[in-house]
Structures are given as C-alpha cells and as structure tokens.
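Colleague: Using the sequences and the hints, build the whole thing.
What follows is the residue order along each chain.
Number of protein chains: 2
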Amino acid sequence: MKTPIKFLSIMFFGMTINSYAADKSIPPSHGVPYPEGWQNWATIAVSHRTDNNTIRAILGNDVAVKAARSGNTKPWPDGAILGKVVWEDTQHEHWQTATAPGNFVHAEFMFRNSEKYAESYGWGWARWVGLEQKPFEKGMQVCISCHTPVKNRDWVFTDPALLPK
Amino acid sequence: MKTPIKFLSIMFFGMTINSYAADKSIPPSHGVPYPEGWQNWATIAVSHRTDNNTIRAILGNDVAVKAARSGNTKPWPDGAILGKVVWEDTQHEHWQTATAPGNFVHAEFMFRNSEKYAESYGWGWARWVGLEQKPFEKGMQVCISCHTPVKNRDWVFTDPALLPK
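Going line by line, the protein sequences match chains A and B. In terms of our numbering, the first sequence opens at residue 1 and continues consecutively. In terms of our numbering, the second sequence opens at residue 1001 and continues consecutively.
For the record, the hints were derived by calculation from the structure and aren't laboratory data. These numbers come from a predicted model, not from an experiment. Please note that a few of the clues may not be correct.
Said to hold, decoys possible - Computed list of chain A residues with no C-beta within reach of chain B, every gap over 12 Å:
| id | residue |
| --- | --- |
| 1 | W87 |
| 2 | Y117 |
| 3 | A118 |
To be verified - Here are the computed lysine to any residue pairs in the SDA-like style, where the Cα-Cα straight-line distance is at most 20 Å:
| id | chain 1 | residue 1 | chain 2 | residue 2 |
| --- | --- | --- | --- | --- |
| 4 | B | K1084 | A | W95 |
| 5 | B | K1151 | A | D159 |
| 6 | A | K165 | B | K1151 |
| 7 | B | K1165 | A | A21 |
| 8 | A | K84 | B | H1092 |
Each residue gets a CB set at the ideal place from its N, CA and C atoms; glycine is no exception.
Modeller: Written as structure tokens, this is what we have:
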C-alpha cells in the first residue's frame, strides 16, 4: 500500500503548487491560461516608468505574496504568479505633481513552473491587452528579451516593497 | 413580534457595514482602531508624487473595492476603508527610468462611517508611521487640511483605476 499512497501524495502536492484557477472565457496568451481573479490579488510593489510614461501595480497570487513577504524569491517558488498591471500616466486634476492611472494598457504575468516552462527559464510569460484583455501572441521571446537585464535575478525586475508585518 | 425583529435586523445590518477586524496589538490613531490585514487588500489605484518623491498604492477593504469597481463612490458607502501605502522613491537598479518603492513611510486610512465620524465629514482619518506602525496623533485636522482641494469629491483624491472585469 505504500507506493500508491506516496504516488497520490505527490499528485496532490503537484496539483496544489502548480495549478491555479483559470478563466476559460478569455483565450490563453502563449498557451498560458488566463488567471482568474487577479484583480483582487495583493500588492507586491508599484512602479512608475518615465521612458514610456506608464504607472504600474505589481500583484501576486497567494504563493507569490507569501514568497515575497518571507524573502523566498531566489528563486521564486513553483506556483508563484506575478502580475504587472499597467496604465498610461495621467496628471491628477487636483494635485498637479501627482501621476495617477489613466488609460488601462495591459496586464502581464510571469507564471513560475520550473518543469512546464523549463525552456523559457522556468517562467510562463503571458500578457492580455486592453480592457477587452486580448491575448498577446507575439511570443514569449518578446517578454524574455526585455527581462534580460535581470536574468541573474530569476528574470524578475520587482523587489517586493517593504511592508509592516 | 415585528418590532424586535426589525430592531435586530437594523442592529445586524449596522454591524455588518460599519465594523471591521481591528488589530488591538497596535494602538489606535485618532481613536480609530488599526485595520487588521490591510496588507492583503486589493488595489484601487497607484500614484507617484514628485513634490515629495513618494510612490503609493491605494488599497481598499472589500466594501471599498466593491464600491470602486461599481462606480458607487459619490459618496463612498458606509463601511468602506481606503488605505494609502507610501514609500520613498528609489531608482530601479536595472531600469534607470523606473521609480520603485524604497523606504516605507507610512500607511494612512480613511474610514467611512457617516454617523460615527459626522464631525470629520463622515470619515475617520488615521495614519500609522514607519515599519513599526506608530500611531499618528497630531489630529484629524492635519489630514483634512491636505484633503480640502477634494472636499467636493467626498474628500477623496483617488479615482479608481480602470480594470478589466
């Protein structure tokens, strides 16, 4: 009886850490299923890019947030999903020196699965564009190329923001 | 029997919309109890201020997020809590034109309770400073003064960021 129980345990463990709820009403990007409910994920960081005038929230699923807040990001654990939500800059009407989110640009994601995505450095790279969330299908290489400056940081730009416990 | 049942319903409804989980290990600010678990609240917006070089996440409790995403913010409903998490700017080491969160400054909150906080425009104003979350006790008027430019926007600067449904 030992072998079947061990096998089932591995199955269960594997499903727990590497699967996530997918929203099948939106087509995959690069074969990666759309992550359901990312709009309610917790914050890992924020950023503002003045080269392309966009402001961003960096969110994570439960696995990613737990890893970010316990310093377990070298490497990020299997099952972690990082989401970057991107808006065009807009100037706040009532606070001239504040930049706020304008038009929604896209939401892009890195899905950590070291086995499934071994050929793309252990990450599934996906993006959905615009409020209609049209899948980006120009190839993971487009994403990887831009992330090459941080290839020694597990391909992740984001440092988790400091937060009180 | 009708009166007691109605009374109990009102009691229950009142408790549901105006109470929240307080963390009593951290002292109140301006008499407002510390909101437990705000670090996991969903994002309503982000912002970047170049007058004081800080970058921010604007988060909300469930009541606030639901209101933000359904356009029910004029006024914000009782029970809504808005949180602004503030970090000093830092330049990203691997992307020179990106501003990222540096030192944690404070987390500040607006608690909507039109009855309890009638004398401060329907909001309880609170702030906890630094990673140690020391309560700010200089008076709600300090907060209100800065928010006066948006007194006709229910005292709220934040426009909820556009998000796909």
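Colleague: Does each hint fit the structure? Answer for all of them.
Modeller: Hint by hint, here is what the structure shows:
no. : hint               : in the structure
1   : W87                : 6 Å, violated
2   : Y117               : 22 Å, holds
3   : A118               : 24 Å, holds
4   : K1084(B) / W95(A)  : 15 Å, holds
5   : K1151(B) / D159(A) : 36 Å, violated
6   : K165(A) / K1151(B) : 33 Å, violated
7   : K1165(B) / A21(A)  : 16 Å, holds
8   : K84(A) / H1092(B)  : 16 Å, holds
Against the hints set out earlier in the document, violations occur for numbers 1, 5, 6.
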